[in-house]
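Participant: For the protein sequence lines, the chains are A and B, in the order given. With this note's numbering, the residue at position 45 of the first sequence is 45, and numbering never jumps. With this note's numbering, the residue at position 80 of the second sequence is 80, and numbering never jumps.
Hints were generated in silico from the structure; no laboratory data involved. Any given hint might turn out to be false.
[Said to hold, decoys possible] Here are the simulated SDA-like cross-link-like pairs (lysine to any residue), alpha carbons at most 20 Å apart as the crow flies:
1) A/LYS23 / A/ALA109
2) A/LYS80 / B/LYS37
3) B/LYS116 / A/TYR40
4) A/LYS75 / B/ASP17
5) B/LYS117 / A/LYS86
6) B/LYS31 / A/ASP36
7) B/LYS117 / A/ASP36
8) B/LYS42 / A/ALA39
9) B/LYS117 / A/ALA109
10) B/LYS37 / B/ASP70
11) B/LYS116 / A/ASN42
12) B/LYS37 / A/LYS79
13) B/LYS117 / A/GLU83
14) A/LYS86 / B/THR135
15) A/LYS79 / B/LYS117
16) B/LYS37 / A/ARG115
17) A/LYS80 / B/GLU14
18) B/LYS117 / A/ASN42
19) B/LYS31 / A/LYS79
20) A/LYS80 / B/LYS116
21) A/LYS86 / B/LYS116
22) A/LYS86 / B/ALA21
23) B/LYS37 / A/SER44
24) B/LYS37 / A/ASP65
25) B/LYS31 / A/ASN45
26) B/LYS42 / A/ASP114
[Unchecked claim] Restraint ranges, calculated between C-beta atoms of paired labels, are given here:
27) B/ASN139 / A/LYS20: 28 to 36 Å
28) A/GLU24 / B/VAL128: 46 to 54 Å
29) A/THR101 / B/MET66: 45 to 53 Å
30) B/ASP64 / A/ASN42: 25 to 33 Å
Note that CB positions come from ideal geometry on N, CA and C, so glycine has one too.
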Amino acid sequence: MKICQLAQIIDARFVCGEEKKEKEISSAFACDLMSDVLAYVNESNGALLSGLANPQVVRTAAMMDMSCVVLVRNKMPDKKTIELAKQNGIVLLQCQHNMYTACGLLFGAGLMGDRG
Amino acid sequence: MSECLKFSYLVEGENFDGAGAASEDTKARLKRLGVSKEVIRKVAISMYEAEINMVIHANGGKADVMICPDKIKVVMKDTGKGIENIEQAMQEGFSTASEQIRSLGFGAGMGLPNMKKYSDSLDIQSQVGVGTVVTMEYNI
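Generate coordinates for the entire structure from the input sequences, incorporating the hints supplied.
Facilitator: Here it is in structure tokens:
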């Protein structure tokens, strides 16, 4: 699934990285606990759905070679978070759905979970 | 030993936004050096966890990275409060982290278990009131 398709499915807006909207996403992982992202994500180029809107969510995604961070529940990232996403080439999206709904919509559309 | 590449970072304590910058830079260096993806992943995860611990629990410290032809060694040294009971701290879920640290997405007692899981050897020397030295090695 392309990042632009993912964005469309959950009505997400691009905070930064829109130029990478054609990039393919391999899988997704949803978590607010960054240590668990580090422990359980196994696939590169995935999407991370999270309610955590601070620089650590971007740094964790970058560590795991993930392509995209989706902030759920309308969480607003601060300037530092956006700047770090730009530096690391991470696409940052924001949507109004809660975590459960965002995951359900994406799973229903065929985006599988990380098989880590 | 002369074939080893060494570099160091000063990790600033209580700087939550900057936490992980040393690990991020190390990951980029390893990538440039052509180290395998699998090894980079192990170093990145375990060093990041150690760096986060250093920032949130020990008011920062120093990270030394040594890259040799057959292995990578990461030494994280701080002069923080130390770990009272290392065995207990190694248990998944054990945490002394504050609510503020938990709000950052860490502090759920997975740091040391992740460091053990993703390094080929982990050694922790700690003295209460003196500090902690975490040494992690990875086979290339």
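Participant: Does each hint fit the structure? Answer for all of them.
Facilitator: Hint by hint, here is what the structure shows:
Restraint check for A/LYS23 and A/ALA109: the C-alpha separation of about 17 Å stays at or below 20 Å, so the hint holds. At most 20 Å may separate the alpha-carbon atoms for a hinted pair to count; A/LYS80 and B/LYS37 exceed this at roughly 28 Å. Taking the CA atoms of B/LYS116 and A/TYR40, the gap is about 14 Å. The hint holds against a cut of 20 Å. Pair hint A/LYS75 plus B/ASP17 holds up; C-alpha atoms about 17 Å apart against a cutoff of 20 Å.
A hinted pair counts as satisfied when its Cα atoms are at most 20 Å apart, and B/LYS117 with A/LYS86 does not qualify at roughly 30 Å. Only pairs whose Cα atoms come within 20 Å are accepted, and B/LYS31 paired with A/ASP36 is rejected, the gap being roughly 23 Å. The straight-line distance between the Cα atoms of B/LYS117 and A/ASP36 is roughly 12 Å, inside the 20 Å bound, and the hint therefore holds. Using a Cα cut-off of 20 Å, the hinted pair B/LYS42 and A/ALA39 holds, with the two alpha carbons roughly 10 Å apart.
Taking the CA atoms of B/LYS117 and A/ALA109, the gap is about 34 Å. The hint is violated against a cut of 20 Å. A C-alpha spacing of about 15 Å is found between B/LYS37 and B/ASP70, which places the hinted pair at or below 20 Å, so the restraint holds. Simply put, B/LYS116 and A/ASN42 have alpha-carbon atoms about 17 Å apart, close enough for the 20 Å limit, and the pair holds. Proximity of B/LYS37 to A/LYS79 is assessed by CA-CA distance (about 30 Å); at most 20 Å being required, the pair is judged violated.
Under the criterion of a C-alpha separation no larger than 20 Å, the hint pairing B/LYS117 with A/GLU83 is inconsistent with the structure, at around 31 Å. Restraint check: the Cα-Cα separation between A/LYS86 and B/THR135 comes to about 32 Å, which exceeds 20 Å; the hinted pair is violated. Note on A/LYS79 and B/LYS117: the hinted pairing is violated, with a Cα-Cα distance of about 34 Å set against a maximum of 20 Å. Simply put, B/LYS37 and A/ARG115 have alpha-carbon atoms about 17 Å apart, close enough for the 20 Å limit, and the pair holds.
For the proposed pair A/LYS80 and B/GLU14, the alpha carbon gap of about 16 Å is at most 20 Å, so the pair holds. Taking the CA atoms of B/LYS117 and A/ASN42, the gap is about 14 Å. The hint holds against a cut of 20 Å. Between the alpha carbons of B/LYS31 and A/LYS79 the distance comes to roughly 27 Å, so the proposed pair goes past 20 Å and is violated. The hinted pair formed by A/LYS80 and B/LYS116 fails the criterion: a straight-line CA distance of about 31 Å is larger than 20 Å.
At most 20 Å may separate the alpha-carbon atoms for a hinted pair to count; A/LYS86 and B/LYS116 exceed this at roughly 31 Å. With a CA separation close to 15 Å, the supplied pair A/LYS86 and B/ALA21 stays within the 20 Å bound. A hinted pair counts as satisfied when its Cα atoms are at most 20 Å apart, and B/LYS37 with A/SER44 qualifies at roughly 10 Å. Between B/LYS37 and A/ASP65 the alpha-carbon distance is near 10 Å, which keeps this suggested pair within the 20 Å criterion.
Proposed proximity of B/LYS31 and A/ASN45 is supported: the alpha carbons are some 16 Å apart, at most 20 Å. Using a Cα cut-off of 20 Å, the hinted pair B/LYS42 and A/ASP114 holds, with the two alpha carbons roughly 18 Å apart. Taking the beta carbon of each, B/ASN139 and A/LYS20 are about 35 Å apart, inside 28 to 36 Å as hinted. The hint said 46 to 54 Å for the Cβ distance between A/GLU24 and B/VAL128, and at roughly 50 Å that hint holds.
Between A/THR101 and B/MET66 the Cβ separation comes to about 47 Å, which falls inside the hinted range of 45 to 53 Å. The given range of 25 to 33 Å is respected by B/ASP64 and A/ASN42, whose C-beta atoms sit roughly 29 Å from each other.
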